[in-house]
Amino acid sequence: MLILTRKSGEQIAIGDDIVINFLEIKGTQVKVGIEAPRHITVHRQEVYERVREENMTAASMTATELSLASEFYSHINTKKEET
Amino acid sequence: MKIKTTRFGEITLNNDQVIHMPHGMLGFPDSQRFVIIQNRENSPFLWYQSLDDPELAFVITNPYLFMPDYNPQLKDGVTLMSWQMDGKGFLKTLDVYVVVNIPRGAPEKMTGNFMGPLVINPLCRQGIQVILSDDEYSHKIPLGQQRK
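Quick mapping for you: the protein sequence lines, in order, are chains V and D.
In terms of the numbering used here, the first sequence opens at residue 269 and continues consecutively.
In terms of the numbering used here, the second sequence opens at residue 79 and continues consecutively.
Simulated from the structure, these hints should not be mistaken for lab results.
The beta carbon of each residue, even a glycine, is placed where N, CA and C say it ideally should be.
Mixed in with the good hints there might be a few duds.
The calculated label-pair distances, taken between Cβ atoms and stated as ranges, are [what the hints assert, rightly or not]:
#1 V/284 x D/146: 43 to 49 Å
#2 D/216 x V/277: 32 to 38 Å
#3 D/131 x V/346: 34 to 40 Å
#4 V/284 x D/160: 19 to 25 Å
When you get a sec, could you build the whole thing from the sequences and use the hints?
Here you go:
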């Protein structure tokens with residue numbers, strides 16, 4: 269891993285078209301601005317990881333789970349219409 | 079065309095049913111072609127079956143059944159797809175689904191990932207899993223509750 273030290277207001281260039289701006293450093297927080305082409309996706313790592321992990325678990329669903337979920341769904345919503 | 083799947087055996091489908099996902103689903107970049115399968119009648123849950131991996135299928139559902147005011151900011155994610163944005167109503171023409179997780183034997187604990195909606199453009203049959211930029215919606219919204 270390349271490790272660089274930057275001050276507030278300084279930048280890092282990645283390749284020809286990505287620039288990271290270190291806008292503000294306050295205590296333990298850093299405010300970062302990212303300039304990148306539109307086809308590059310930029311996310312907070314933890315958000316990305318959450319969605320990826322949900323996909324990983326979801327990919328192992330079986331037909332049994334879907335059947336149970338369908339029955340459960342119609343059960344709770346039929347009950348509601350009766351009341 | 080005929081496709082092999084582990085859950086449904088061999089299925090036959092038309093080319094115009096195929097949904098192309100150039101970025102894949104997050105964590106599964108190698109599967110880029112999918113099809114929506116309605117496996118049970120009168121169920122809000124559908125299968126999103128990969129055509130590139132017979133084992134890969136997600137349970138998806140319509141988020142608005144569970145959260146009528148769901149209003150994700152799709153614009154940034156959709157920009158990646160270079161879909162033609164014609165007018166303000168454009169985002170309304172897109173189909174939005176969420177991926178569902180159903181714990182084994184406990185359907186009442188099922189959740190939907192409202193943080194990473196699956197967005198499909200029915201006009202060009204392309205899809206993308208959008209990751210919402212801020213913490214607008216949880217990745218584990220409970221679905222085992224009565225419709226509002």
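Now the hints, each set against the structure:
A hinted range of 43 to 49 Å for the beta carbons of residue 284 of chain V and residue 146 of chain D is consistent with their spacing of about 45 Å. One distance hint, 32 to 38 Å for the beta-carbon pair residue 216 of chain D and residue 277 of chain V, holds here, with the actual separation near 36 Å. Separation of residue 131 of chain D from residue 346 of chain V is about 36 Å and conforms to the stated range, judged on CB atoms against 34 to 40 Å. Between residue 284 of chain V and residue 160 of chain D the Cβ separation comes to about 21 Å, which falls inside the hinted range of 19 to 25 Å.
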